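So you can see what is in the structure, the chains are spelled out below.
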Amino acid sequence: MARWAEVRAELDALLALAPDERGPHLDELARRDADLADEVRALLAHDAAAGDAFLAADPHPWEPGREVLRDVGPYELLRELGRGGMGVVYLARRADGAYQRRVAVKLLQRGAGDAGVLERFRRERQVLANLEHPGIARLVDGGTAADGTPYLVMEYVEGVPVDAWADTEGLSVRARLELFLEVCEAVQHAHDNLVVHRDLKPRNVLVAADGRVKLLDFGIAKVLDPEKTSAAPDLTVGFGRFLTPAYASPELVAGRPVTTSSDVYSLGVLLFELLTGEPPYRVETTSAAEVERIVCDTVPLRPSAAARAADDPARVARLRGTTPRGLVRALAGDLDRIVGMALRKEPGQRYASVRHLAEDVRRHLQGRPVAARGEGLAYRASRLARRNRAVVSTAALVLVALVAGLVTSLSLYRGAEEARAAEREQRGLAERRLAESRRLADDLAEQRRAAEQRLAEVERLNEDLEAQRALAQRRSMQVSDLSLRLIQDVNRRLYAIAGTTEVREVLVTMGLSYLDGLAAESGHDPETRLRLAKAYMQISGVLAAFGGPNLGRLDEALAAAARAEELAQELHDEDPDDVRRAALLAQVRGVLGSHLRSAGRVEEAAAAYRAGLEVGAPLAEDPAATVDQLGVLGAIHGQLAELLDGNGLLAESRPHLLASAALLERQVAIAPGPDRESELLLVRALLANNDALSGRPEDAVAPLQESVQGLEALARQHPDHPVLARKAEVARNWCANALSATGRVEEAAAMLRRTVAAVEARMEVDPADVQLHLDLLFARRYLMRLLFVQGEYEEFLELGLRTLEGARELARRRQGNAFGQTDLAGVLCDVGSGYARTGAYLEAVEHLTQAREILDGEVARDPSQLHVRRDLSRVHLELGRTHRAAAPPEGEARTRRLEAALDCFARALDVTDALVRDGLDRSQTYAAAIESAQAEVRAELDGPGGRPVEAGAGKP
Amino acid sequence: MNEPTSPPTEALLARIAAGDAGAQDPLYRAVRAELRHVAGGLMRDQADAHTLQPTALVHEAWIRMVGAGGRTYESKRHFLGVAAKAMRSVLVDHVRSKRASKRGGGAVVQEPDTPGGLDVAVARLEGTDTDLLDLEEALAALERDDPELARLVELRFFCGLPQPEVAAALGVSVSTVERMWRIARARLHRGLGREVAEVGGDGPLG
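Sequences listed follow chains A and B, in order.
Position 108 of the first sequence, counted from 1, bears residue number 107 in numbering that gives the first Met the number 0, the numbering being contiguous throughout.
Position 182 of the second sequence, counted from 1, bears residue number 181 in numbering that gives the first Met the number 0, the numbering being contiguous throughout.
For the record, the hints were derived by calculation from the structure and aren't laboratory data.
Just so we're clear, the structure is a prediction, and the values are computed from it rather than from any experiment.
Each hint should be verified, as a subset may be incorrect.
[Claimed, not checked] Cβ pair distances, simulated, as ranges:
{"no.": "1", "chain 1": "B", "residue 1": "95", "chain 2": "A", "residue 2": "184", "range": "48 to 58 angstroms"}
{"no.": "2", "chain 1": "A", "residue 1": "19", "chain 2": "B", "residue 2": "126", "range": "28 to 38 angstroms"}
{"no.": "3", "chain 1": "B", "residue 1": "126", "chain 2": "A", "residue 2": "365", "range": "48 to 58 angstroms"}
{"no.": "4", "chain 1": "B", "residue 1": "123", "chain 2": "A", "residue 2": "184", "range": "36 to 46 angstroms"}
A virtual CB, placed ideally from N, CA and C, is assigned to each residue, including glycine.
Pulled out of the complex, with its shape left as it was, chain B reads as follows (with noise of 0.2 angstroms):
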């Protein structure tokens, strides 16, 4: 488990990088099945994963991994530690620039989101009444603090990880882990500004 994972691709990115098209599904392809493979068994449940789509989410994210330098990584947990703050930058900076192309008016082609782009991922995230940006600004708060929280939150609202996957890669219990989890949820949930019925109340004893 603690062998070092070498990205298999950055040959593949070489050819992205000098415009070789081509190269872009055999990438997603080692890169899905890289995730896979330390994300130990996430999508093994999935009866169907082979009709699964790469999201750019993840391709994003494994580029900028790569791009990094070519460096190894010492355990899974290292890994997934490394990818979930990439998917974390990537989302964010993706949401940057859009607001600031559409804040400079510029006549920006926009080209259709495929159903696993990067918009896609964004809306999942952001629901009905989440900033992205204003979720990033109470992060940074939070990781000020405790950068352990901000690692959770990467891991399992960024990356997706389920709870036990999380567990593993922060190396504390599921039950840990889940009270971890509301803590840092209650710190961005009043970092977003967001009501509580009684705040700074008795508490629902009073």
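So that you can see chain A by itself, here it is in the shape it has in the complex (with noise of 0.2 angstroms):
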């Protein structure tokens, strides 16, 4: 045979052609070279004789005894090729010659295969028929052998497990990913012909000896196991025959419906294993509460966790030709989030399909960023906390909810340019937060891990096991800690965006949650109580601050307060020197008083101002006191100063305006900066305003003008600071009143209706922002008043009943204050006014009266509400005013209403006087006016004939 190589290779070349088309090639030989055609054609012969049975068995007889059923249908089974949950894999072959191709028959467990197994396969058939694609192994019959075991007949691969291969080639870790990549598109060509694996795994995943990957089983899962139907699924029968725990999706283990979705999750923990040698889980366990368990709870370490966290670090980065550091590299950011995005827990946080995790994978490949996202702390949290609530706090909880709320949030300021500069610091510092905590509910979870291995040996180590539970503790100190800090430095920011009230509110919400969690298990270290302290006062502002940007819900921050001032005081009785615990206790007592401000408990604000002045007094000469200290201080007098000039205790708050400014211009001189440079100025308007009330509106302007220019020029610099804007129109407001106190009357109407317009406009930016809605109020009314004084009726009654509108959805929205109630008795009382002035005097009376119910009402509740009381003696004076006007020119029902005003009059002046004892400043000046009044409607009817007098041009 000196002619081997020639006939070999001949053969070689024939034996890869079908053999029918074997004869032209042979015929040509024959020309060619007769007797190496003869050769060829007879060894060709004795292949076709031979057959596969030919020289076909195994040596090695592994399992020995074994009982082999040598014939299934029409198939002679050739040798085992593996068992698993469902049956029995042989390799087959037809023994009816009908076709050559080896395939692989699974026999399926007696027992298992119930009838309705080959009903679904002859259902599913068609389906799986069309799954032609060359990375799936094909479906190609099924049926029952004659002792009535069900089978199904597969294509038969030969190949490797996808994970030991990926060993035995030692592919990198991009290699991997390009395995996975063929893999994914062959699961992708399922799902597009609506077949869903349910149960992909390294084994049903193969590599050839080419390299091309090939998937068994599509399908078969659904034909062996229908949707899952009855009430109580048998999950531990279920799992021992069809499923394998450690790759099911947490759907398919709680018996859910299951969808692509669950492939996708299949395949990120196939993903994992590719890359770190290990299974996300480990499920050791057969019973389905426990698997259900750890499927449908636990979160698993992040890939890069996993590989370094691995029993051989060394071998599992050797097989992927790397290092240990270069893997764990390799696998950090892009990879962990991917592989922890296609793992989520709920089938709608995944990847949306098989294609756009393979268009990740591949976006990761080219350097392009990836869309997977973290899983947001939250979501870590979350699944952490269930498993541990006594270790982990609900303060990871909300910690995490603040920062993941807060980063989508944050992407609503997308208007300005500087806002956008805001978002960006902001979304750092969230970030930078975030990977802070991450770090630490990680290393709380490797904590707990090695908690759970102490406690197996509880009874030997007692001693270790408290090391670890008091390290467990630290810990979860820690985590509390940083959520504090972060609610507290995020509010502040926040506080000097506009737009952001939603935003805090959000915050808020679970703050207060979150800090009474953790006042509770607070113990005794007074940096915690500190911190909580000033994150109950900060939250209490956030909830109804007086003058910054709030969500008006004045109980829940009273209560906030309070709580606060609990815990200062305690904090300062401990330690009465400590300058720190002073402060917070002044400051704490300024926030409260102005919430009872707020809810128009007049006396009790009062009261707390001056608390807060009295332990806050003795910082003014401290030399340890801070700048900001000073700041508070004269914040507190400042508003002291605004309660007693609103309640027309005028006399009364000079002083602590002066001692307002004097504290506030230290701190300008020392630190300045918008915020105390615009509180400055407000404290010198207040000083003019008050000087504007007290009578001498002259003195007044120029100080106001040179207040509002300064404010302007600050919220020029500070566009989105809404409480510079606000500042400056406060004092615009007063400076009007001034100017048209003066009679520059056109002067102030143009300063009010450029303010109305500001306000408007910044409405729009933070609608949830109550203070918005109350500084329109009071811009429209300081115009509404002009108006009045012009004689201008109608635009006065136009724009009053709008603000009516206004103040009634306010009242509304401020539940629980006081000043939602008063104002819109005022403005009750503007519009009845203005009706009375335009001859509608039943509309008037309605007005009036609507006004007098809510303020007698307001009186009865707290008669230190002094200017409530003033309010209610000039509807009284209206009133009397509009029977007046309203009275015909003779007769009975003339008298009626003259003596209908005279008893108005009495009234009004019943208040007042009482006004006038309790030493209410100008009070004099009101009786004065009732009193004439009262005089002229007496000479009406005493003078026979007397004709009704014009009604008069008091002020409304």
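Dock chain one against chain two, each of which comes alone in its own frame, and use the hints as you go.
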């Protein structure tokens, strides 16, 4: 056989052809070399005669003594390929020689195959037959063996499980990802044909010797185990038979509907294992409940962390052609996120399809940014918290929800360039926090794992356990500490950005429940309690701040402030010499005062302010006091003065205004800044306004104009700072008031119109901010007053009705806030007066009566509200004037009207007399006005046929 | 993959040679583990691999390999080649010695063959109609013409490796190894004097 090499070459070529294609080639060969052709023909005949069974035996009886079914339907079983939950798989061929191709026959375990299997197989057959893809082993046939055992016949694939193959080939991470993409492509093809695999795992993903992947058992799971229908699925049996818990998705384990997303999850597990050499979970139990707990509740480590924690990191890395450090680097970031997203517990949180998953892997390979985002701390923390509520306090949960909410909410502020810059800053901050807390959460998870191991040895190693517990507690405290700082920092920064009230509301709602939880377990650590008090205080400010952006939730704000005061008081009592504690208590009392003021509890508010000043006063002389502590003191003086001014106690307010201005000047001199400078300008404006209200408007105009200019300049420099703009408006209102009192009505009107427009514009940006609605109300009322004085009753009424609408809305939103009611009454009174001036007496009486009812109620609730009583006297006066104006020229009706007017005047006088007794500034002036009206009406009643007097031009 | 593989069991072998029967179990385990290791996942699929019995074939082959001296193997490919050749000679020698003792007519006390014994391996390979010694003769003829195909037969038939492993061991693709196998099989089929429907005929198409 000297020519064997030629013979073999010819055979090699011919065997690659189908038998019926060899003729021409052999003929050609025969013409060229007849001997060679004969030899080749002879061997081809032996090839055909030998068949697959010749020399097909396996010498190794690995499992001796097993009975083997030799024939199953038309198939001859040649040898066993493997066995699993559903049965044994054999290499087989057609006994009738219908075709030569070898197949794999899956013989279902007796009892596992109920009659439904074949029925379902027949139903699925057409669908499965459509799955023509080079990466998918086809389901060829199915039937029942002679003994009744059902079987399925599949394309036979010679290959190695994908994970083993990747390891023996020493594939790099990149090569593994490319291999994984091939798997994805095959799965996607099946999904496009509406077939879900449901049992993807390395043993079902083979790699043939040519390196191509081939997926086994597509659609088999569905044939074997249709939709879980029973109300109480027997999971133990289900798992034993059909599923591989380590790869099953949570919805599969929990018996919920299974979609293509389930395969996305299993692919995530596969990728995890390809990358790290470890499964994401170790499921070693057969208890259904335990399996469900592990699969549904455990958050797996990130792949990079799993690679680091492997039993033999060096080996894992070597099999991937890299070093342990290199592997961790390769996995951290993108791949952690990609795997994490595929492994989400909720199907809706995963990649929408295998295509999306593959696309993200491809993006990573191409160095483009991936779509997968981190789970969000909220996700991890909620999982963590579910696993161990004792160790991980609500702190982690809330912290993380806060950050997550913050990051997404921040995308709201894309408006102004400055806002965008602030956003970036916030995002950076949040992301740094996120990373920090993630690390902590990971640490915590590791601590937890360690603690669990310890628990097993608890009898022997009690001391160790204690140590672990202490450590876990320390970790927990670190997490809560972090969250506390976060609430404070973020809140402070957000405060200075327009349009953030809603975000802050989210922050606050979560913060409150978190704080309550933390307070319960804070123990006695003074630092923690100090920060707690601050946090409560800040949260109360967001709920309802006097003059700043707020949510108008006064009751909650009061409760939070009271809680803060309690804590601060306690701290102060423990160490009265600590400047920080004294300053905190003073500040908290100031905040409490403003809330009380909002609630219309004037006396309590003044008392709180005074108590704050009392504890804070020594600070003014204390060399250890910081600039901010001085500022706190100045602010309290200012707020107390404002309260007194508002209540008409102008003289009493003056010293506080002076003290406030002095302290703020000191503060600004040392540490200038928009907040402090504006506060000082405002206090100066308040001082001037005090002059104006005290009857010296001519002295007030110049300093008010100066303050307005200063505040407007500041607001221009910091356009996104809502408090600055507001302060400028407040000062403008006072200025306009003073201007109109000195007869410069046109200037005043222009100023007020500008303010109304500005507030309306800001309201567009942050409609949730109650303070803006309030500002608008004030600005409109100042303008109304001017219009009234000018006699522009029609414009006055038009504006008045719009304002009334706003006031009703505000009263509804400011629940528990007395100003909501008294402001509404004020506007009702304004509108009533306007109607009276236009002769619509019916409407006038109706509005004025409504106002009177509200004010009666408020006075009864808290008589210390001097300004409310003054408003009540005004309403009585206006009612009297209306009756008088409405009186017909003569007759009994005239008399009745004039008597009604006298009655109203008398009530007005009663109220006013009491105010004079209580020391309300300028109340004598009011009394005098009422008395003169009284006298006029009496004269009309007495003078027969006297004509009705024109309605006076009293202030509404 | 190309790290030299050293037999870990020489000490065990020395103990067996010194009559220490207690060394046999550990040796079996070591050999099987070694084979499994180099076979790279061959049996990984067998869910209940831990119930497998070590076979006399693997055992004897290993003794031959180790007995040949403290050699090392350059690669998995090399190791498998040597192991397959050893199995071939173990089996052939076993059949020869049995025939010899029968011909000699001596009263040979046959140990009852264990389920994993050599007789079982021979019986499995011979099936109903193949004589191992005839096959050996045909294989030797093939080997003279084509050592590569003989390697293939050793790996696939005597060692029982699945096709992808054989392909890897020979360094060719699965489809190539499939064609090589059919050529070798045709040669052995003819070498055993088996019949075909139309020897030297015009082929299926006529």
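So, going through the hints one by one against the coordinates:
no.	hint	result
1	95(B) - 184(A): 48 to 58 angstroms	54 angstroms, holds
2	19(A) - 126(B): 28 to 38 angstroms	31 angstroms, holds
3	126(B) - 365(A): 48 to 58 angstroms	55 angstroms, holds
4	123(B) - 184(A): 36 to 46 angstroms	41 angstroms, holds
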